[in-house]
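**Student:** Residue strings, one per chain:
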Amino acid sequence: MSTVKIPPVLRSSTGGEKEVSAEGGNVGEVLRALATRHPETERQLFSEDGELNRYVNVYLNDEDVRVLEGLQTPVSDADTLVILPAMAGGAR
Amino acid sequence: MIEPRLDNRPCGGKYADILEAIGHTPLVELRRFAPKPGVRIYAKLESYNPTGSVKDRVALAMIDDAEARGAIRPGQTILEPTSGNTGISLAMICSRKGYPLKVVMPDNVTQERTQLLRMFGAEIVYSPGAQASNGAVAMALEMAEADASYYMPYQYGNEANPLAHYNGTAVEILEELDDVAAFVGGLGTGGTLMGCARRLKEEDPETKIVAAEPLQGELVQGLRSLDDGYIPPILDLSLLDRKIFVSNRDAVVWTKRLLAEEGLFTGVSAGAIAAIAVRVASDLDEGNVVFVVPDDGWKYLSSGVYTKTLEELEDSLESASFW
Numbered sequence: 001m002s003t004v005k006i007p008p009v010l011r012s013s014t015g016g017e018k019e020v021s022a023e024g025g026n027v028g029e030v031l032r033a034l035a036t037r038h039p040e041t042e043r044q045l046f047s048e049d050g051e052l053n054r055y056v057n058v059y060l061n062d063e064d065v066r067v068l069e070g071l072q073t074p075v076s077d078a079d080t081l082v083i084l085p086a087m088a089g090g091a092r
Numbered sequence: 001m002i003e004p005r006l007d008n009r010p011c012g013g014k015y016a017d018i019l020e021a022i023g024h025t026p027l028v029e030l031r032r033f034a035p036k037p038g039v040r041i042y043a044k045l046e047s048y049n050p051t052g053s054v055k056d057r058v059a060l061a062m063i064d065d066a067e068a069r070g071a072i073r074p075g076q077t078i079l080e081p082t083s084g085n086t087g088i089s090l091a092m093i094c095s096r097k098g099y100p101l102k103v104v105m106p107d108n109v110t111q112e113r114t115q116l117l118r119m120f121g122a123e124i125v126y127s128p129g130a131q132a133s134n135g136a137v138a139m140a141l142e143m144a145e146a147d148a149s150y151y152m153p154y155q156y157g158n159e160a161n162p163l164a165h166y167n168g169t170a171v172e173i174l175e176e177l178d179d180v181a182a183f184v185g186g187l188g189t190g191g192t193l194m195g196c197a198r199r200l201k202e203e204d205p206e207t208k209i210v211a212a213e214p215l216q217g218e219l220v221q222g223l224r225s226l227d228d229g230y231i232p233p234i235l236d237l238s239l240l241d242r243k244i245f246v247s248n249r250d251a252v253v254w255t256k257r258l259l260a261e262e263g264l265f266t267g268v269s270a271g272a273i274a275a276i277a278v279r280v281a282s283d284l285d286e287g288n289v290v291f292v293v294p295d296d297g298w299k300y301l302s303s304g305v306y307t308k309t310l311e312e313l314e315d316s317l318e319s320a321s322f323w
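Chains as they are written, first to last, in the numbering used here: chain A, 1 to 92; chain B, 1 to 323.
Treat the hints as calculated values from the structure; they're not laboratory data.
From a predicted model like this one, the values you see are computed outputs, not experimental measurements.
Any given hint might turn out to be false.
[To be verified] Ranges of calculated distance between the beta carbons of each label pair, as one might list FRET restraints:
{"no.": "1", "chain 1": "B", "residue 1": "PRO128", "chain 2": "A", "residue 2": "SER76", "range": "37 to 47 angstroms"}
{"no.": "2", "chain 1": "A", "residue 1": "GLU19", "chain 2": "B", "residue 2": "GLY38", "range": "36 to 46 angstroms"}
{"no.": "3", "chain 1": "B", "residue 1": "SER316", "chain 2": "A", "residue 2": "ARG11", "range": "52 to 62 angstroms"}
{"no.": "4", "chain 1": "A", "residue 1": "GLU48", "chain 2": "B", "residue 2": "GLU29", "range": "33 to 43 angstroms"}
Glycine included, C-beta positions come from ideal geometry on N, C-alpha and C.
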């Protein structure tokens with residue numbers, strides 16, 4: 001099972017859990033497994049058309065999956081998915 | 001012997017005004033960071049701009065563009081959300097050109113930024129630090145909406161921002177290197193990455209564009225929901241080949257390495273970008289990797305990054321705003 005790291009803004013939907021283990025062969029399957037276990041996360045993670053919500057960034061270890069293969073990006077048991085809200089960055 | 005004329009010296013009399021000294025920054029090879037023969041790593045030292053950051057290019061391009069379009073007139077107040085460098089650049093440029101400046105920035109940025117802004121005559125409005133840059137953007141947008149007399153360049157959505165890099169940073173890199181296998185920049189507004197990506201990929205579509213972004217982590221406690229998230233309008237993810245986050249800890253480790261191994265005194269974001277540049281370089285068999293050093297280290301001295309050990313910095317690593 002892969003590990004999913006939950007950001008503070010989503011923890012009220014996971015009963016306060018910071019990390020959740022979830023099964024799946026790709027990013028979409030792992031996130032669906034998370035949403036099945038914690039249904040309140042589904043509306044926040046996915047848009048109505050089943051894609052990643054606009055303001056959700058998901059990282060495979062430390063790489064943004066949107067720049068990889070999106071929800072189809074393959075995931076192995078050793079991988080960690082990190083969910084983060086899209087931020088404005090530092091505007092250096 | 002008579003000294004040669006001033007205008008024959010390399011820089012003597014070259015710039016008639018400090019604003020003309022923006023850009024033309026050094027590209028420096030970092031030989032100790034090269035992972036293997038045939039792969040070379042270069043740092044584009046944007047810290048050499050007049051106020052010490054890459055944002056001089058962006059601020060000048062945005063003000064020049066607004067003037068050219070007739071969108072501002074002398075004496076009009078400029079308003080901008082910024083966590084520091086853009087504000088400092090705008091403050092210097094606005095003071096030269098005669099525009100009052102108001103900046104909105106998170107209340108947890110370092111003292112040096114506040115002092116520099118005040119030094120150049122800017123007025124500061126603080127937004128909640130817990131909301132990071134998102135809070136500053138939201139507050140500035142509200143202020144601009146409530147008062148039509150403000151002109152907001154809005155670097156996150158202003159095409160003059162990436163164009164400053166398309167016409168400047170990227171061109172300068174191509175003047176010095178025949179090929180660029182990969183370009184690594186920091187992701188804030190997206191300006192550096194978008195402008196350089198377009199120009200470098202025009203030259204060679206195979207050039208990989210890699211974004212290094214700050215891991216905001218527990219910093220974003222202030223968000224109420226994911227719908228409070230923000231994506232800069234100028235950011236086009238399709239131009240990126242990779243987008244990788246870097247923890248504050250790794251950023252500080254590499255900032256110290258830049259200083260100790262290559263003699264570069266940089267801001268912390270340069271450390272983060274260098275970490276990714278070395279990683280990208282180690283995956284190559286040959287070629288040039290260019291990364292951007294967005295600013296120098298002066299503004300971060302009070303954070304202790306350069307003088308304290310990682311253990312001593314541990315408590316501040318997750319709460320500080322270095323980017």
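**Student:** Holds or violated: the 37 to 47 angstroms window for the beta-carbon distance between B/PRO128 and A/SER76?
**Tutor:** 39 angstroms, holds
**Student:** With respect to the beta-carbon atoms only, verify the hint that A/GLU48 and B/GLU29 lie 33 to 43 angstroms apart.
**Tutor:** 50 angstroms, violated
**Student:** For the hint 36 to 46 angstroms, verify it against the beta carbon of A/GLU19 and that of B/GLY38.
**Tutor:** Since the Cβ atoms of A/GLU19 and B/GLY38 sit about 41 angstroms apart, the hinted range of 36 to 46 angstroms holds.
**Student:** CB of B/SER316 to CB of A/ARG11, is that within 52 to 62 angstroms?
**Tutor:** 23 angstroms, violated
Checked against the numbered hints listed earlier, the structure breaks hints 3 and 4; every other hint is satisfied.
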